[in-house]
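Trainee: Given next are the chains, with one letter for each unit.
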Amino acid sequence: MDTVTLTIDGRSITVAKGTTVLQAAIEHGIQIPYYCYHPALGIDGSCRVCLVKIEKMPKLQTACSTLCADGMVVDTQSPEVVEARAGVFEFLLINHPLDCPVCDKGGECPLQDYSYTFGPDASRMDFPRRTFDGEGAGADVDFGPTLLINRNRCILCSRCVRFMRDIDGDPQIGIEDRGNGSHIVTFQDKGVHSILSGNLMDVCPVGALLARDYRFKSRPWDNPIAVDTVCTLCAKGCSITAWLRAKPEWAKGPRLARVTPRYNPQVNDYWMCDIGRFEYHFTESDRRLRRPLRRTDDGVLQPEGWRGVLARLREEFEAADTPGERRTIAFLASAHASIEELVVLGQIARALNGEGAERQVGVSWRVSEKPQPAGTKFKVPRVDAPNVAGAIDLGVGAPPLEDGGPDLSALKAQVEAGRVDVLYVLDPGPAGSIGDLSWVIEARAQGRIRLLVVQGVLMTDLAAAADLVLPGATYLEKDACYTNEQGIVQAASRAIAPPGDAMEDWQILVNVGAALGAGVAWASTAEIRADVAAAMPDRPGYADLPRLAFAKPAIARTWLQTSNPSERWKWDALFKDLPPVKFKGKAETSPRRDLDD
Amino acid sequence: MTFHPEMRYEEGLHVSRRERRDEGEPFAFTPENRQRLEAIASHYPPEHRRSAVIPALYLVQDQQGYVTASAIRHVASVIGCTEAEVDDVVTYYAMFFRKPVGRYVIQVCRTLSCALRGAERVAAELKRALGVEVGQTDPTGTFTLMEMECLGACDRAPVVMVNNELWHECQSPDQVGAMLDGLREKGPAALTGCHLEVEKKRGPAGP
Ligand code: SF4
Ligand code: SF4
Ligand code: FES
Ligand code: FES
Numbered sequence: 205m206d207t208v209t210l211t212i213d214g215r216s217i218t219v220a221k222g223t224t225v226l227q228a229a230i231e232h233g234i235q236i237p238y239y240c241y242h243p244a245l246g247i248d249g250s251c252r253v254c255l256v257k258i259e260k261m262p263k264l265q266t267a268c269s270t271l272c273a274d275g276m277v278v279d280t281q282s283p284e285v286v287e288a289r290a291g292v293f294e295f296l297l298i299n300h301p302l303d304c305p306v307c308d309k310g311g312e313c314p315l316q317d318y319s320y321t322f323g324p325d326a327s328r329m330d331f332p333r334r335t336f337d338g339e340g341a342g343a344d345v346d347f348g349p350t351l352l353i354n355r356n357r358c359i360l361c362s363r364c365v366r367f368m369r370d371i372d373g374d375p376q377i378g379i380e381d382r383g384n385g386s387h388i389v390t391f392q393d394k395g396v397h398s399i400l401s402g403n404l405m406d407v408c409p410v411g412a413l414l415a416r417d418y419r420f421k422s423r424p425w426d427n428p429i430a431v432d433t434v435c436t437l438c439a440k441g442c443s444i445t446a447w448l449r450a451k452p453e454w455a456k457g458p459r460l461a462r463v464t465p466r467y468n469p470q471v472n473d474y475w476m477c478d479i480g481r482f483e484y485h486f487t488e489s490d491r492r493l494r495r496p497l498r499r500t501d502d503g504v505l506q507p508e509g510w511r512g513v514l515a516r517l518r519e520e521f522e523a524a525d526t527p528g529e530r531r532t533i534a535f536l537a538s539a540h541a542s543i544e545e546l547v548v549l550g551q552i553a554r555a556l557n558g559e560g561a562e563r564q565v566g567v568s569w570r571v572s573e574k575p576q577p578a579g580t581k582f583k584v585p586r587v588d589a590p591n592v593a594g595a596i597d598l599g600v601g602a603p604p605l606e607d608g609g610p611d612l613s614a615l616k617a618q619v620e621a622g623r624v625d626v627l628y629v630l631d632p633g634p635a636g637s638i639g640d641l642s643w644v645i646e647a648r649a650q651g652r653i654r655l656l657v658v659q660g661v662l663m664t665d666l667a668a669a670a671d672l673v674l675p676g677a678t679y680l681e682k683d684a685c686y687t688n689e690q691g692i693v694q695a696a697s698r699a700i701a702p703p704g705d706a707m708e709d710w711q712i713l714v715n716v717g718a719a720l721g722a723g724v725a726w727a728s729t730a731e732i733r734a735d736v737a738a739a740m741p742d743r744p745g746y747a748d749l750p751r752l753a754f755a756k757p758a759i760a761r762t763w764l765q766t767s768n769p770s771e772r773w774k775w776d777a778l779f780k781d782l783p784p785v786k787f788k789g790k791a792e793t794s795p796r797r798d799l800d801d
Numbered sequence: 007m008t009f010h011p012e013m014r015y016e017e018g019l020h021v022s023r024r025e026r027r028d029e030g031e032p033f034a035f036t037p038e039n040r041q042r043l044e045a046i047a048s049h050y051p052p053e054h055r056r057s058a059v060i061p062a063l064y065l066v067q068d069q070q071g072y073v074t075a076s077a078i079r080h081v082a083s084v085i086g087c088t089e090a091e092v093d094d095v096v097t098y099y100a101m102f103f104r105k106p107v108g109r110y111v112i113q114v115c116r117t118l119s120c121a122l123r124g125a126e127r128v129a130a131e132l133k134r135a136l137g138v139e140v141g142q143t144d145p146t147g148t149f150t151l152m153e154m155e156c157l158g159a160c161d162r163a164p165v166v167m168v169n170n171e172l173w174h175e176c177q178s179p180d181q182v183g184a185m186l187d188g189l190r191e192k193g194p195a196a197l198t199g200c201h202l203e204v205e206k207k208r209g210p211a212g213p
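So the sequences go chain by chain: Z and Y.
The opening position of the first sequence corresponds to residue 205 in the working numbering, with each subsequent residue numbered one higher.
The opening position of the second sequence corresponds to residue 7 in the working numbering, with each subsequent residue numbered one higher.
Hints are computed from structural coordinates only; laboratory data are not their basis.
For clarity, every value in this text was computed on a predicted model and none was experimentally measured.
Cβ atoms here follow ideal geometry from the backbone N, Cα and C, with glycine treated the same way.
Some hints here could point you the wrong way.
Under the rule of at most 20 Å between Cα atoms (straight-line distance), these lysine to aspartate or glutamate pairs were calculated in the DMTMM-like manner [claimed, not checked]:
1) Z/K583 to Z/E380
2) Y/K105 to Z/D426
3) Y/K105 to Z/D370
4) Z/K394 to Y/D187
5) Z/K394 to Y/E29
Here chain Y is said to cover these stretches of chain Z; the calculated rule only asks that three of the stretch's residues, wherever they fall, bring their Cβ under 8 Å from a Cβ of chain Y [unchecked claim]:
6) 373-380
7) 426-435
Start from the sequences and build out the full structure, keeping to the hints where you can.
Mentor: This is the structure:
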């Protein structure tokens, strides 16, 4: 690769040809502020804060739009740069409201941080500020179903305009009017309607674009604990960071404050979709199952101990209609089940129903169309489950139908023919993600299934129809692996503990296996992964399973976990003199939970 | 609009107080105007058809005087871009009108050269003669008065432009009445030649 060597602030730096001065500086930890530049949205040259002095050039240059050349001598600290940069900040702030105390971005706002570092101490602006829609939080006005906009805070970097144009593929955002009156609008105020809208809040370098979901909910110092994990709400498997509130266990309200995308060039780049960003709430919703439930003789679902429900399951399974026989049991797993869970489930099926029975385990998922513009750079898959590819690779369940949907015909036929006495459903995903199972509910209502067991996380219609309900864990409550649509095996880490008596799903399955006499001997998910790796030595993704790392909740170094890796330097550089956040993260682990201990 | 069966959206939490674009009557180019647009668009490579946005908007104004939201939608669909992008252009340029205007839009330059040569007095005289403020249309719907930035004819300041293409130069306040009367009587013909007159007077070599 061709390289060029230049000097920035006296340091000799060699970078690839075609690198801009700003990129070179970021790569080498030299501090140049920037707003309109974004690694995925390219160069705009509109904010002017990246001014540097380049020898032999008569005027200051914008570092973001100047290509490095051999022998270039760049100075980012000379008095004229410092003064000009401070001047730009003074201009950026002449109309900017003093909203930081009520602004969602406060605490992780590049405008705050850069102004603090590079800006002047005081403003000389004597005139009233220009305001668009009112003042303070009152100026947060409608900007589509997921967003609000506060035009007074906008610094017109045009990142949002470029995101819609270049990434989303449908340029719905524009800049109306000109000069001092310029402001960000959608045509006729109809707002941004895009499944990628949440990313606009990430790209906006100030608190101008706000997500309704996160508005007034917390600030970075309220949720200082972060877990790097993977979203499992569709087959893409975006890398995300889950942010946890620092609060004692007994305090009311959810612990999960938000999820943000994490840079992963293989899968999701800098982005994630609105489903992953806003739908994780089901994890801490009121409909969560917290205790095992059992249907009493009067037909009501009553809380029951783990031992009680498992004993009931064994009884039902062993009770014979014809002497010398057991009842037949069939399994139906959502493709939200992880690799580990599918392995245990397959093993139980094989132990109870004989060799090859894991192929007869039904695997189900929902397919939903997501309207997106043709030119979008971030396509959200149709499949609403993370592990369809994993199930296929493990040989659990039938291959998908041509339209991408699940093939449940074999199981359906058996149920319709009344050959299934006990149906065991594993559904650790959000409501409905397992697909349409009304036929199961109907079969149970008509008595074709004698016992319906649902291991899940939410009180869904299916759980409400079940005889035994076993509370499991969502993807944010367990360490588990999933294979995304590209065939990449990814680790989703445990951020919080499952609620109440709920257990991680593999633990439940191990106990169910023991109760049914299926003899499953794994003591940890690591053992399961090691077995999968041993069975698939020639599949790199699976052979490396034992080396897959799970993140633990850790004190976030705030924007260190940002989706935009080029913004990380500022947290290293700007605040190194300040003491780290005062909260201590609590690492949460998940040992095997045996019923007998 | 929703993307996903499980997504909860709230709509209409706050409403912006900004003025929205006039919806207007449903708009479509007349066949002649459409033809004119296609002729203009053929100057650009097909993948840059959107470059015809400014001529397209002028055609809209030719056809109905001002640019409405429906017209923006139509233009966007005809030249292949989004409404937001057309709206950007409409709001950026002062010569696209977002409210109905009179038959003659009188635009008085107020930039440096014209200001030094007394453009303010011309504007004041126009206001007095028409009985309107800048930005308003007179009650007969004939004249709209506007102030503009440099019209690019500084050497013949002060400059008044009528309907984007007719210049009236070296304007003095006492000529205003005659100009208005001329427009009322002869229409645009009252102004054509003004530029040429000046040139003629000075001769081809200039002063
Ligand atoms: S955008 Fe940043 S600087 Fe502006 S009010 Fe919000 S936190 Fe403060
Ligand atoms: S709303 Fe945010 S992203 Fe968009 S131009 Fe303004 S500051 Fe930039
Ligand atoms: S980052 Fe260089 S001008 Fe904005
Ligand atoms: S200043 Fe009036 S035309 Fe240039």
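Trainee: Hint by hint, say whether it matches the structure.
Mentor: Evaluation of the provided hints:
no., hint, verdict
1, Z/K583 to Z/E380, "29 Å, violated"
2, Y/K105 to Z/D426, "49 Å, violated"
3, Y/K105 to Z/D370, "32 Å, violated"
4, Z/K394 to Y/D187, "45 Å, violated"
5, Z/K394 to Y/E29, "13 Å, holds"
6, 373-380, "holds (count 7)"
7, 426-435, "violated (count 0)"
The structure does not agree with the numbered hints 1, 2, 3, 4, 7 stated previously, though it agrees with the rest.
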